[in-house]
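There are 4 protein chains.
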Amino acid sequence: MNTSGNESKEPRSVTLLLHCPLRLGLAASLTQFIYAHGRLLYHDQYVDPENDDHYYTRLRWDVSSFAMTDEEMAERLRLLIGTGPETEWSLHYSDEVLRMAVFVSKDPWCLYDILARRESGEWKVELPLIVSNHPDLEPVARRFGVTFRAFSVTKENKSDVEREQLQLLQSSRVDFVVLARYMQILTGGFVRAYPNRIINIHHAFLPAFPGARPYHSARERGVKMIGATSHYVTETLDAGPIIEQDVQRVSHRHATKDLIRFGRDLEKVVLSRAIWSHLRRKIIVHKGRTVVFD
Amino acid sequence: MNTSGNESKEPRSVTLLLHCPLRLGLAASLTQFIYAHGRLLYHDQYVDPENDDHYYTRLRWDVSSFAMTDEEMAERLRLLIGTGPETEWSLHYSDEVLRMAVFVSKDPWCLYDILARRESGEWKVELPLIVSNHPDLEPVARRFGVTFRAFSVTKENKSDVEREQLQLLQSSRVDFVVLARYMQILTGGFVRAYPNRIINIHHAFLPAFPGARPYHSARERGVKMIGATSHYVTETLDAGPIIEQDVQRVSHRHATKDLIRFGRDLEKVVLSRAIWSHLRRKIIVHKGRTVVFD
Amino acid sequence: MNTSGNESKEPRSVTLLLHCPLRLGLAASLTQFIYAHGRLLYHDQYVDPENDDHYYTRLRWDVSSFAMTDEEMAERLRLLIGTGPETEWSLHYSDEVLRMAVFVSKDPWCLYDILARRESGEWKVELPLIVSNHPDLEPVARRFGVTFRAFSVTKENKSDVEREQLQLLQSSRVDFVVLARYMQILTGGFVRAYPNRIINIHHAFLPAFPGARPYHSARERGVKMIGATSHYVTETLDAGPIIEQDVQRVSHRHATKDLIRFGRDLEKVVLSRAIWSHLRRKIIVHKGRTVVFD
Amino acid sequence: MNTSGNESKEPRSVTLLLHCPLRLGLAASLTQFIYAHGRLLYHDQYVDPENDDHYYTRLRWDVSSFAMTDEEMAERLRLLIGTGPETEWSLHYSDEVLRMAVFVSKDPWCLYDILARRESGEWKVELPLIVSNHPDLEPVARRFGVTFRAFSVTKENKSDVEREQLQLLQSSRVDFVVLARYMQILTGGFVRAYPNRIINIHHAFLPAFPGARPYHSARERGVKMIGATSHYVTETLDAGPIIEQDVQRVSHRHATKDLIRFGRDLEKVVLSRAIWSHLRRKIIVHKGRTVVFD
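Protein chains in written order, with this note's numbering: chain A, 1038 to 1331; chain B, 1038 to 1331; chain C, 1038 to 1331; chain D, 1038 to 1331.
By construction, these hints were calculated from the structure, which means they are not laboratory data.
Any given hint could be a false lead.
Unchecked claim - Facing chain D, according to a computed beta carbon distance under 10 Å, are these residues of chain A, among others:
(1) Leu1063
(2) Ala1064
(3) Ser1066
(4) Val1328
What the hints assert, rightly or not - Taking lysine-lysine and the BS3-like style, the derived pairs with C-alpha atoms no more than 27 Å apart in a straight line are:
(5) B/Lys1143 <-> A/Lys1161
(6) A/Lys1294 <-> D/Lys1324
(7) A/Lys1294 <-> B/Lys1324
(8) C/Lys1143 <-> B/Lys1324
(9) D/Lys1192 <-> A/Lys1324
(10) C/Lys1319 <-> B/Lys1294
(11) C/Lys1319 <-> D/Lys1294
(12) A/Lys1319 <-> D/Lys1294
(13) C/Lys1294 <-> D/Lys1319
(14) B/Lys1294 <-> C/Lys1324
(15) D/Lys1294 <-> C/Lys1161
(16) C/Lys1161 <-> D/Lys1143
(17) C/Lys1294 <-> D/Lys1192
(18) B/Lys1319 <-> C/Lys1294
(19) D/Lys1319 <-> D/Lys1161
(20) A/Lys1294 <-> B/Lys1161
(21) C/Lys1294 <-> C/Lys1319
(22) A/Lys1319 <-> C/Lys1319
(23) D/Lys1195 <-> A/Lys1294
(24) D/Lys1143 <-> D/Lys1192
(25) A/Lys1143 <-> B/Lys1161
(26) D/Lys1161 <-> C/Lys1143
(27) B/Lys1319 <-> D/Lys1319
(28) A/Lys1294 <-> A/Lys1324
Stated by the list, open to error - Simulated coverage check for chain D against chain A, where a stretch passes if three residues somewhere in it have a Cβ under 8 Å from a Cβ of chain A:
(29) 1080-1088
(30) 1241-1254
Virtual Cβ for every residue (Gly too), placed ideally from N, Cα, C.
So that you can see chain A by itself, here it is in the shape it has in the complex:
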């Protein structure tokens, strides 16, 4: 029902995400190609002076009246961009709706938040599947009519469960995974199957307090602010590229349960901003860091 941030009524567009070593004339070539055939809707770029002037850009343009097929356009871009070293790019069409799986355990707040945003039209995303290692949140999934699959995970069956989960993701044609307070550590095999396509929310201001029970650690250490961090999952725990972070001021008056209460809101907002940036194709990952365009 809400349509802000919703492109459904807009003409068909395509988003180019590109990074490569800075090259004279590339931006001009790209924009001239676009202007020659259509209308530029978004153009942002960034040069990293601390990384050999590496170049990052995001362009979005109207393709509703482009006088060529998607394949021809991609081919033309391939020629323009070339195939130099450290060059990566991708095209994303506005009529391709991403398919997301959400992994949860027992905590409901991030899941409710995700379901509400999708249901209200705030996000354009398909949600074919909720996966959990506990049955507790099945009623929530059912309330929103989403398939829920619970797996009982033990030390012994973990690799079998992950294999089954991966098959499920494939058969559900899932594009990316959101760990919405999923209290299991994924193995390297699982993570490698979805590179830069698994988004986690960690309930601390990373790199402070990685691992388990960060609010207890924060209280124990006596910090004056707590935080939350959303990041892409890599094979090293809580060390993946950070997408978004936020904090809230606390004081000695706040017990651990207060930190947990504040943290719920931090977690859901920080995770949702990350998902939004992922859905809107705002993120380039390079050398363990993210460029997140506005």
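With chain A's structure known, arrange chains B, C and D on it following the hints.
Below, chains B, C and D without anything else, positioned relative to chain A:
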């Protein structure tokens, strides 16, 4: 399922909210009375040096093994506190669950957030009724099994509608009302029926940008931060006692639709913090301002 | 002594600030011209979709080995940019050090902060003159070896004083003026002499609490955050284009004197960020708003 | 010249800082004793439910017309408070002005900020001594008329230098030490001489990025916010009780030099808030954490 912030397993307790002119020995008398019969669970107080040393306090104590009835306890407190000028106090028992009505129009985000918090047990509150001036959000109410009543409001029938709404609130034994993006201005008659018991969320950092379309005004003015404000409703529009505010940094890059998008998260978090403080009996209103205990 | 943010060791560069209606190929022409003769150091641009796709850009490039004079370069840019409606641009050379006058009354914190930043080399700026309507801060100026001129301002002599101040600014070849807690309202005549070149710090989150004694008003209204706003001065009080804002959370526990204490730090940081952006030629003013590049 | 936050015109007062296991009637006894002889100016208390209901309180009262000597009053308090386990308390008279030494290396911003606050009367503190391991900031000290002592520190002479510095602190009757970007690690011997009386500013959001070059590490890790932390120095590096923290949002667009620039303002504000709380006797340290009263 979540139990942080949930008192359900705790012994029965009572909360005293009191404000009066500062008086020697009052705090000592109160705490001694409590300690003589039970266990003090919370004690905070505040003296306002800019308001003739007016005294504000919140005490919560275990009454599960108090050797007197609630009536006797209230009578003893009445004697201790006395009946001086500008003295107000109230007692709130932990087994009384407040009943809340939510008023909405077409915007779903605050409503979803409220429903999710109640459903997940984050809040202990009854929600017998959702009222709207549009039918749009009825499916949301139905999904959570809450009664939804739509009223078509016109200039002509406004007072009739409000009368009907007030009757509905009474018959549903509603204790307080939350305006969760309700796009109607309530008349003085309605407001007077629920003094300091109607909580509104305004989508701006009051007193900046009162009234309609604050995000458009914020963009027009070129502010570098946007905000949201929850407050008790009084007869003067957007001028009631402020309960909670928060802001988010923006820049020239953010169009009005971005401000609206950021604002949704600000609104729901700020409103929910206010409702939480109200539910937990953390708020004293005095002279148009709030004292909100931690 | 500190050299971060100091360009003194960098080769000579020029900054172009430009805004105009969006025009196909302009960005490409500009960057190609620059690349043909030198090295691009900074390039940012912004298109305002809510303002007829108006285009704003900031480019900075190395001119140390440009094979043409500054005049020739400016002429070439003039031809590239053209003279359409609503088109404004300016060039700023890194070896031109701006000259700043600071106006104060009795409050020292912003003045000390400015003097320290200049003295430590954090800013590259000349400070030939401090003007005041009170003699109180003369010792501070003297301590840092800066000329201090006090004017006794009354209702009657105000226009005479302003005329004298303007002459002083001219004879000191002042480029821009900073009102660092100057408790006088400048007349339209004075303001028009330095369009978008007078920076004020207002001790509130504008448009909330314009005018006098905003901390008292904030306390009276019971807001839960206080703020500060730096803006260019226009003929309407506290309504000029906002450059920077920031806030700090407060509670009922904070008396007016606490708000004033917190506010001092907000004021000096917010004002200094605005001065930095002005000095580094990061700001374009258009239609009462600012574009502030990173 | 500024008098907010300045108690110089107020009657003589005393501040009691006390922590001990919660005890029935202690608060009442203390306030009754005070009210019996004078006027209570400040009263805050906190019970830590996660630490066996340990009790922390700060009381400040007018002693200008107390009908007993300071010694008699202290003796009466000693009897009231008793000598149970884990009980610590101290009395601080408003006419005792603390003496602070500031240790610096080459970075001037925190030093300037401290000097300006003292000079303008924002803080009531004596500053007999600035110590450095480099001569660079001597002109700054001289400008403000403060004694400056430089020590050339090497691996070999470190313990000799520290012994000399400690003698200097003693002969200057220094009460507490501020490490205002002092780039040396103090030995345990030095730290033990000033327990909870050495305040450091670390340029990161601890416990993230302890040790050297935190802004470089923050950029390398790709965090979306940077921070600063002031804490009491203990024998373990960057692990002492945290007094104050703050953060600022950054993005991929900000190079390390931008983080350093933002960090300067964070550092000086966070350090100054900690010094203010220390000067105003707002801090109780217990079990590696601080209670910082408002």
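Pair hint outcome, A/Lys1319 versus C/Lys1319 [Cα-Cα no greater than 27 Å]: Roughly 25 Å between the alpha carbons, so the hint for A/Lys1319 and C/Lys1319 holds.
Would you mind confirming whether the straight-line C-alpha gap from A/Lys1319 to D/Lys1294 stays at or under 27 Å? 25 Å, holds
Given hint D/Lys1319 paired with C/Lys1294 - CA-CA distance at most 27 Å: 16 Å, holds
Is the Cα-Cα distance between D/Lys1161 and C/Lys1143 27 Å or less? Distance of about 19 Å is within 27 Å: holds.
If you draw a straight line from the CA of A/Lys1143 to the CA of B/Lys1161, is it 27 Å or shorter? Between A/Lys1143 and B/Lys1161 the Cα gap is close to 19 Å, so the pair holds against 27 Å.
Against the 27 Å threshold, does the CA-CA distance of C/Lys1294 and D/Lys1192 hold or violate the hint? Status violated; Cα separation ~47 Å.
Proposed proximity, A/Lys1324 with D/Lys1192 (alpha carbon, max 27 Å): Violated, at about 37 Å.
Given coverage of the region 1241-1254 of chain D by chain A, checked by CB-CB distance under 8 Å (3 or more): holds (count 5)
For a C-alpha distance cap of 27 Å, please report whether A/Lys1294 and B/Lys1324 respect it. 32 Å, violated
Can the hint on A/Leu1063 be confirmed by a CB-to-CB distance to chain D that is less than 10 Å? 19 Å, violated
When you check the alpha-carbon spacing of D/Lys1143 and D/Lys1192, does it fall within 27 Å? With Cα atoms ~19 Å apart, D/Lys1143 and D/Lys1192 stay inside 27 Å; holds.
Within 27 Å, alpha carbon to alpha carbon, are D/Lys1319 and D/Lys1161? 15 Å, holds
In summary, the structure is inconsistent with hints 1, 2, 3, 7, 8, 9, 17, 21, 23, 28 from the numbered list given earlier, while agreeing with the others.
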